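Asker: Below are the chains, spelled out letter by letter.
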Amino acid sequence: MGAGRGRSLSLYSLVKSLADNKQLLGMRYAEWCIAAPTLEADIAAAAMGLDDIGHSRVLYGSLRELGTPDVPDEPVSYANVPYLDRPWTDWTAFVAANGVLDSAFTLMIEALAGGNVEVLRSRLKKMLQEERYHAMHGRSWLRESRAASAVDQARRDAIVWIGPEDGDVDDLHGKGVLSLGVRELRRRLDEQVSGAPASTPIDWKAWDPVRRRIVPGGIDELTLNMLQGLAEKRYMPAGA
Amino acid sequence: MRFVRVHDEVQEYEVFARKTRLEALRQVGAVVAPDDELAMAYARATYDEERWVEMMIVPKAAVIQLWAPGEAEA
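The listed protein sequences derive, respectively, from chains P and F.
At position 182 of the first sequence the residue is numbered 182 (the working numbering), and the sequence of numbers has no breaks.
At position 3 of the second sequence the residue is numbered 1003 (the working numbering), and the sequence of numbers has no breaks.
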């Protein structure tokens, strides 16, 4: 894409991607609400899932006030991190998503809530209060779990999602739309994910600034059906 | 009581909350967690169904009992 690593992209694409990721993260959390290692963690997974799906609804609802899509909105196009493409098969994947990815999304929400776009300033504050508990949950489980490989993958996906330096995020930061730029977002993320192994350098050439990822592909059909409510239709009587 | 479950070492926390500033804090339940942060996250996730104006947790080990049921002086 000739957008110079997304420099000229609108705020719309960033918030749409944040909403897509939040919706998927909420669904992935919910998938674990009967499979976490303790009953308390089951309940927390359900509660965090509800929070994040709620956050995605607020973010989607804000989109029409944030300009127009940079690319025509296809009927099905999720701008999510690869980490959320498939259901997690291991609790450590949950822990890393909770401790790293959720934190990265929260940092972006903090940057938007601290920026100069009024609709985001007013609507995003409550999310930050709720996310405080997600961060505590993630931090504590990260201390307990041997999740180094999942953390490395989640951290890498988060860094790629935040985007390259001098890309759209830095551009929006320069305009005051975001209160934090790429370097500061990365620094704060590293601070929260202490002890994460150093990732190999990221090759930004293949970065897709709209979907905010390098790896092609996306969610599988099962996930898509869940998100669109098609899966539940299978359980309804014909003609209902 | 000592719990050993998924975590090596956990403790019980009592959860207190109130709905208005005028009413007293009351015990609404308990959670079991390996540290304060997870206990806070669990308390909020488990007991946040109602509109509390305040919620707090206390490690059960910090509670000092003066007397138990049946032990009160006649």
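Incorrect hints may have been included.
Unchecked claim - The calculated BS3-like cross-link candidates involving lysine-lysine, where the alpha carbons are at most 25 Å apart (straight line), are:
1) P/125 x F/1019
2) P/125 x P/175
3) F/1060 x F/1019
4) F/1060 x P/126
In short, the hints are calculated from the structure, not lab data.
Computed from a predicted model, the values in this text were never measured in an experiment.
Asker: Now tell me, hint by hint, if it's right for this structure.
Answerer: Hint-by-hint comparison with the structure:
Distance hint between residue 125 of chain P and residue 1019 of chain F is fulfilled; the C-alpha atoms sit about 22 Å from each other, no more than 25 Å. With a C-alpha separation of about 21 Å, the suggested pairing of residue 125 of chain P with residue 175 of chain P holds against the 25 Å cut-off. Simply put, residue 1060 of chain F and residue 1019 of chain F have alpha-carbon atoms about 22 Å apart, close enough for the 25 Å limit, and the pair holds. Straight-line distance between C-alpha atoms of residue 1060 of chain F and residue 126 of chain P comes to about 31 Å, which puts the hinted pair past the 25 Å bound.
In this structure, only the earlier hint numbered 4 is contradicted, and the remaining ones agree with it.
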